[in-house]
Amino acid sequence: MSSLSFSPRIPVIDANVCVGNHYTEPSPCQSQAQLIDEMGYHGIDRAVIYHAQTEEISPTDGNRLLDDWLDEGGRLIPQWSVTPTTDSLTQIQAMHHEGRVRSVRLHNTQSAGLPFRSWGYDNLLSWLSEAGIPLWIPLMDVDPHDLITTLQAYPDLKTVLLGAHYTHALVIRPMLDSLANASLELSRYEPIGEVESLKRQFGASRLIYGSWYPRYAMGPILFYLHHTDLNEDELHMVCAGNVERILGI
Amino acid sequence: MIDGIRVIDFHGHVGRWERFGMNDNPKLMLHAMDAVGIDVSCLFHIFHPDGTTGNDLAAQFIAQHPDRFVGFAYVSPTMPERMLPELERAIDELHFRAIKLYPPYTSWPFNQTPWHPIYTFADERGLTIIFHTDHLENNRPRYLEDIAPMYPDANFVAGHSGNVPEARAEAIAAVQKYPNVYLETCSTYRMPGVIEELVEKGGKDRVLFGSDVPLMDPRPQIGKIITARISDEAKRLALGGNAERLLGI
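If you read the protein sequences in the order shown, they are chains A and X. 183 is the number that the working numbering gives to position 179 of the first sequence; each next residue is one higher, with no gaps. 106 is the number that the working numbering gives to position 104 of the second sequence; each next residue is one higher, with no gaps.
Okay, chain A solo, but in the shape it has when bound:
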C-alpha cells in the first residue's frame, strides 16, 4: 500500500545520471549542490554520473568537464565515456593507471557511424575485459543483434544495459539469456509486472535501479521498486548492491 509521500527504506545508488548541459537542453541542475539536493529529495545516497557533452559531442572533452562535478564526499561516482578512437582510449587508459576508472560508458554507436561489431570495437572491448572494467551501454543506441553477437566474444566483460523501453519487450529475455554478465538498468522499462517476472527468470542480481536523470525524474522507478514483490535483500541488491558489486565499491 502507498501513501501520499515516499522515501526509500534502504540505501540507494542511482546507476544512471547525466550531469551538465546537453547541447540542446540545459540541465535542471546547474551545479553539484543542486544535483545533491535533488538526490536528497528522493532519498538517493549516491549516483553514477556522466557528462552530457560526452553523448553526442565529445567523450574526451566531456570527461574533462565531469571532473568539475565530483564531490569530496564521494556521493557522485564518475563514469567516463569512451569511443573507439586512439585519443579516447588513451584518455581512459591514463585515468585507469591513476586508479580513477570504475566503469565506462559507450554512447550511440549507430549515429557515431561505427556499428557495434568486433571489427570496430575489439581494441576497446578486449582492454576493458582484461582490465575488468564494466561497460554501460544504452540499448536504444545499438542494434540488438550487434550487441549480442559482439559481447558474446567477451564473456568476462561485465555490462549494464541502459534504458530498455517497452519497445524492447521482445528482445530483453534473449539478450539476458545470451549475455550472462549483462545486467539490466530499469530507468524506463515499464511493461506490466516485468520487474517481478525478470526477477523470477534471471534473479534480482541482474536488475539495477537507475533514473537516467534528467531525461527522467529520479523518483518514479524507485517508488515502483519499493512496491514490487522484491524482498528486502532483493530490493537492496537492485537499488544499490548490484551496482556496488559491479563497480567494486
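In case anyone wonders, no lab produced these hints; they're calculated from the structure. All C-beta atoms, glycine included, are put in the ideal place defined by N, C-alpha and C. A couple of the hints might just be wrong.
Said to hold, decoys possible - To spell it out: a stretch of chain A is covered by chain X in this simulated footprint if at least three of its residues, at any positions, have a beta carbon under 8 Å from a beta carbon of chain X; those stretches are: (1) 169-181; (2) 195-203; (3) 218-226.
Chain A is already provided as a structure; the job is to place chain X on it using the hints.
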C-alpha cells in the same frame, strides 16, 4: 485507497500487444493496482475500428471485476455509420462512463468534421472524452481549443498531456482557456518537473492520474504523482477527486 482517497486511474487498455509486452491479464493488473492502492482503472479497447468488437471485449473484461474496472467507449470515424449507434449502445447498455478516441488510427486531426458527431453526442449527454495527444499532426492538443468552446457541456481530456514539451504546452494552453479541458498524466516521458508544471499551470483541479495500464505498469506512473513536488491536496485531486467529479462515480 491512499490516505483515504479512492484512487482512479483514468487511462488503461483492454487487449494484448505482445510486441510491447502489453498483457491484459487481470491478475497482473490487479496485483500492480493493489500494490500501490489504485482502486479503479478506466479501460478501453482501441484495436477494432467498428467499436463494437472492442467494446464488447472490454465489457467482458470489466464484468470479471466490476468493482475495480470502469469502461470507456471506443469508436472511430473510419467507420462513421457505426459511431453513434455504438456510442448509444456502449453508454446505455454496457454502462460505459466516458469515451476514448485515438486519432493516430485515423486519417483526420481530431478537430476535423468526421469527429464532430461524437462531440455532439458527448455534449448532449455531458460526457467526457479522452484523446490520445502528442506532437504528431492528427493528435495535437491545440485542437482542443477548437472543439472545447463548441461543446461546452462535454469535457475533453488531453491523454498523456501531449507527451512532449511543445505539445504539452498546447495542452496547458487549452486548459487555461477553457474550463472543460483536462490534463492526464500517463507517459513514458517522465521528465522531472512535468507533474509540477501541469498542476502549477493547469490548476490542481484539472489534472488526472493515468497510467496506460497494462501497456505500462501503473506503479511507476503513480510514482510520478507521489514523488512530485506538489501539495497533498493536488495529489488527492489528481489521484481521484478530479476523476470522481468527471465520471460521476
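Results for each hint:
no.	hint	verdict
1	169-181	holds (count 5)
2	195-203	holds (count 5)
3	218-226	holds (count 9)
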